[in-house]
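> Assemble chain Z onto chain X, guided by the hints.
As given, the protein sequences belong to chains X and Z, one line each in that order.
Taking my numbering, the leading residue of the first sequence gets 1, the next gets one more, and so forth.
Taking my numbering, the leading residue of the second sequence gets 1, the next gets one more, and so forth.
Errors might be hidden in some of the hints.
Note that the list lumps identical chains together, so a pair holds whenever it fits in one copy or between two copies.
As the list claims (entries may be wrong) - Once the Cα atoms are required to be at most 20 Å apart in a straight line, the calculated EDC-like pairs of lysine to aspartate or glutamate come out as:
no., residue 1, residue 2
1, K408, E126
2, K408, E341
3, K285, D299
4, K480, D590
5, K3, E200
6, K285, D488
7, K285, E23
8, K285, E124
Keep in mind the hints are simulated off the structure, nothing from the lab.
Protein chains: 2
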Amino acid sequence: MRKRLREPRFAYRHGLSTAAYRELVFDWLRELARDGLGSAAFPRAYGGGGNIARFLAIFETLGAHDQSLTVKFGVQFGLFGGSIYQLGTERHHARYLRDVGTLALPGCFAMSELGHGSNVREIETEAHYDPAARQFIIDTPNESARKEWIGNAACHGRLAVVFARLSIGGEQHGVHAFLVPIRTQTGGVWPGVRIEDAGEKGGLNGVDNGRLWFDRVRIPRENLLNRYGDVTEDGDYSSPIANPTRRFFTMLGTLVAGRISVALAAQSALKAGLAIAVRYGASRKQFGSSEGHEVPILDYLTHQRRLFPAIATAYAFDFALKSLVGRFVAAIESGHDADAEYRRVEADGAGLKALVTWHTIGGLQAARECCGGQGFLAINRIAQLRADTDVTATFEGDNTVLLQLVAKGLLTDYRQQFHAAGARGILRYLGRRASARLARVNPVLARRTDEDHLRDPDFQLGVLRYREERLLGSAARRLKHRIEAGADGFGALIECQDHLLALARAHVERRTLEEFARGTDNAEPGLRPVLHRLRELFALSVLEREEGWLLAHGVFEGAKAEAVRALVNQSCRELRPHAVALVNAFGIPDEILGAPIAMAGAP
Amino acid sequence: MRKRLREPRFAYRHGLSTAAYRELVFDWLRELARDGLGSAAFPRAYGGGGNIARFLAIFETLGAHDQSLTVKFGVQFGLFGGSIYQLGTERHHARYLRDVGTLALPGCFAMSELGHGSNVREIETEAHYDPAARQFIIDTPNESARKEWIGNAACHGRLAVVFARLSIGGEQHGVHAFLVPIRTQTGGVWPGVRIEDAGEKGGLNGVDNGRLWFDRVRIPRENLLNRYGDVTEDGDYSSPIANPTRRFFTMLGTLVAGRISVALAAQSALKAGLAIAVRYGASRKQFGSSEGHEVPILDYLTHQRRLFPAIATAYAFDFALKSLVGRFVAAIESGHDADAEYRRVEADGAGLKALVTWHTIGGLQAARECCGGQGFLAINRIAQLRADTDVTATFEGDNTVLLQLVAKGLLTDYRQQFHAAGARGILRYLGRRASARLARVNPVLARRTDEDHLRDPDFQLGVLRYREERLLGSAARRLKHRIEAGADGFGALIECQDHLLALARAHVERRTLEEFARGTDNAEPGLRPVLHRLRELFALSVLEREEGWLLAHGVFEGAKAEAVRALVNQSCRELRPHAVALVNAFGIPDEILGAPIAMAGAP
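Isolated chain X (complex conformation) (with noise of 0.2 Å):
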């Protein structure tokens, strides 16, 4: 993938207009499926290459290249192909898949609608059989219904996997995915669909968006996506999976690859990102102690504080992504893919999702002002890569809102240990959750602030551990308060957003925490000392961010808030010296990487 995307053919074009910009991202699209890198994860029966962790390490390192070629590539082979992989049978992979991977059918994932972009269990588009024909009729019945923000639908798709409303004789079966014409093989639009082109866009312009409305169009009833559920010939349905709700989540499931790979392709957009700007700052010079004595302006402690904590989290969500695409992989790759553990990979990946994409747009943003004007421009990178990943934070499920589905995730957990488990249950959980070493405020341990101390991961990840435990155990009873005093489920929830927000976050961080121990450990011995370092600069800074509920709870004092601030200055300018051979190792080619002020020699 990297020597591929090095040739020549691939090199970044600016001031394109859109169509050719399309143009473009499609021929290199095209230029991926030759080579068999689309249908990596498609089974070898179907011309693919049957390996997902091949996939995905294609999908992560083409997303330090450009990200309408990368999203593109995702809506291709990663949704529309992937979902007719996971949501179809046997009868679909071997007409479909084949077609998929060599892009001679491009496709598109048609899921969100104009009303209901977050809430999918809401869609409206209907899917109506009809036992006389043998068909469904899609229709699309109100404006808040239209299909929007489909990739591949404004120009390139010829078939797309819509989500619809089953009704079989008036009967409600909910959420379906159907595969749908929406061009002929000559390019035409299918008769009874209506396609318009959502135009221009903040950024990711080569990637065709389009919105989608469906006339009652009719298709066979082969087309029905059936793993989950099907309809016989006369009209009966089944279904491997008797609950709708699990059910509906069960398909929804096709989503966390997708989840997992923007969170892989932002982290690459965010490390070609650091690497110009660390790069450039270390050779840019600006002032000094005296005329003609410019300092290179990654010497600079505001530069290192914006830069170099964004390495260290970068480096830290590495290993927490790649631990969860492992238990992916084995989920999927046993067939385990409705079991617990891929609910737990699913949050996992919603709340990981969430973080790493904020992170990657603070990041580059940062990276973007670090290197001033020269930032700004096109041929630099980093202003494109900050606004083609911006949609990240609200695309395959908005951030705000998937932190709220972990947070809920921990206090079901939560509850049920404690509710339905009696006694026994409540122990076994304290005894499990609490082993933090800091289970309860130490007030000696507020009070130190020597730097053994404050650099002992033990202390680091016991005050991770602990403030995920008393904000779980607070937001617990906030909610439980809130019911007892009248308010609905939904009113609760609402109330305590902010809280359930923070709670999440700091799930995610300690496990993240944990998971970057676990790597260095594994780690070759000569790379330890500095991943060590890194390890050290993620736990601070968050330290440091929650300086103010560590104090208002009796974990710190004052000066040992001061003393995590001085100690990530001092963890700051322990790592320049080996800040450019940290960006250098994210292993970006120079060819990918792009911009000139990163280029040996740059002025």
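Just chain Z now, with coordinates in the frame of chain X:
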């Protein structure tokens, strides 16, 4: 201005090529020039309006419209025309200002160089005086001296105000400004000048930025803008300001108007974005306690927390900026633009520019995310406003550099009061500065969590004053220790950079809160209650953000920090019914707002 911008010819067009966009902006600029809007600040004798306040109001109004037009307007009339007006004398005014105002003479402001973005004092472009020919020879001695990022240079500029080091017979006289032709009347490049297009940028693509090189370009002696330094025909140098450093900074004073203008325009862009997001949030529904009864997303606490403190802060900066504009205009109109008050205006402008532009970037980001995918579509404008204002954090002075200037000014003032004025000076100083009620930490107050107390404006302002005082005193001590330990002034400043930024921020926020209170008191009675609430939310959101520092320094106890957080939530809920009115009060007509999602009846 508003009426003009509502005309159909000023309607936004998305997806233009860069070349077409630049020409559209230039056409728009011509329309505004035709109305005399660009020359509003120039003297009446030269076709101007003689009214600086009016010019700034025009610029501010423009800021809600296209940012490329805003910047192009600022370059032509503010930077180019303004520097001729302020650095030149009668002969330049008579010869150029009329044509600058009508756009018959498009021009550039060529200060920044590739190697010296923020550090203008180090620029390397040379201006040698040749007494025999009575000419200056303008020359770019090396690549790092090329003029970089010059607006109007790539396409339209014909004359440039070029900052260069003046030398006469080998003697150096420091940086001065010269009028240098870069294109002929017919648009050809002037002999000896080289121009390169800066190319695509992360935003503002309607502005034709470029690079300039001068190869011994000869200009008449009269082209020196000679208000602060002149050269006789024989090559004798004279200046009304003997001290070269003071002369340099007086000349840089021309940038004050630019920084204030950037802040005003950024504020307008943010207001437009907030108006769009709030109006959309009030109509857009997602999720709810029962199916089919979704709630407006603006009812969600997370949504309110992202938008309402941003609205309150926008109002706060409005009062601060309007007050600053008044002082700036008074200083200029009374001819006191070299006096101490003007220096203070300059420092206040630098601080406000930094905080306002960062607030704009963060606020537009929140607005974008609050509108989900709709916020990413170009027609809904927020993404474009966000991309276009991004560079305001680093142009017209990098924000980090500007805040350090503010902090250094405070420290100089502090040192002078302490070390020069003796005991009486110290007492007077303390009496003046420590007038806050909360001059020392008060354990009783630190514990109070009742609403009366937390909502007391004197309490809120007192905390902000205390924070500033304490950061100032401790920064002074830290620097003193560093210098006593052997560091030079520059090294000591670098080590304390994070402290200096916190001090500058504390200073600007304290002053802003004071201006907000004053503005509320002077408002018409019917407006005071809601302004009071906004002022309160602004103050509380600063206290919440700074809770870590306040807890660490004993100003707050834990329960108080929690009470502040709860009160921010409550304040958001209280403002919810006023939210749409508050953004409509920004007074941006629908045609200028532009975004379909912000219009009545939007889905």
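> Does each hint hold? Answer for all of them.
Hint-by-hint comparison with the structure:
1. For a Cα distance limit of 20 Å, the shortest separation of K408 from E126 qualifies neither inside one copy, at 30 Å, nor across copies, at 66 Å.
2. Only within a single protomer do K408 and E341 lie at most 20 Å apart by alpha-carbon distance; the minimum there is 17 Å, versus 56 Å between protomers.
3. Taking the closest pair of Cα atoms, K285 and D299 come within 20 Å of each other only inside a single copy of the chain (9 Å); across copies the shortest separation is 49 Å, beyond that limit.
4. Neither within a single protomer nor between protomers do K480 and D590 lie at most 20 Å apart by alpha-carbon distance, with minima of 55 Å and 45 Å respectively.
5. For a Cα distance limit of 20 Å, the shortest separation of K3 from E200 qualifies neither inside one copy, at 32 Å, nor across copies, at 27 Å.
6. In this assembly of identical chains, K285 and D488 lie within 20 Å of each other by CA distance solely across copies; the values are 19 Å between and 59 Å within a copy.
7. Within a single copy, K285 and E23 get their C-alpha atoms no closer than 40 Å, and across copies no closer than 36 Å, so neither meets the 20 Å cut-off.
8. Taking the shortest Cα distances, K285 and E124 sit within 20 Å of each other only across copies (15 Å), while inside one copy they are farther apart (58 Å).
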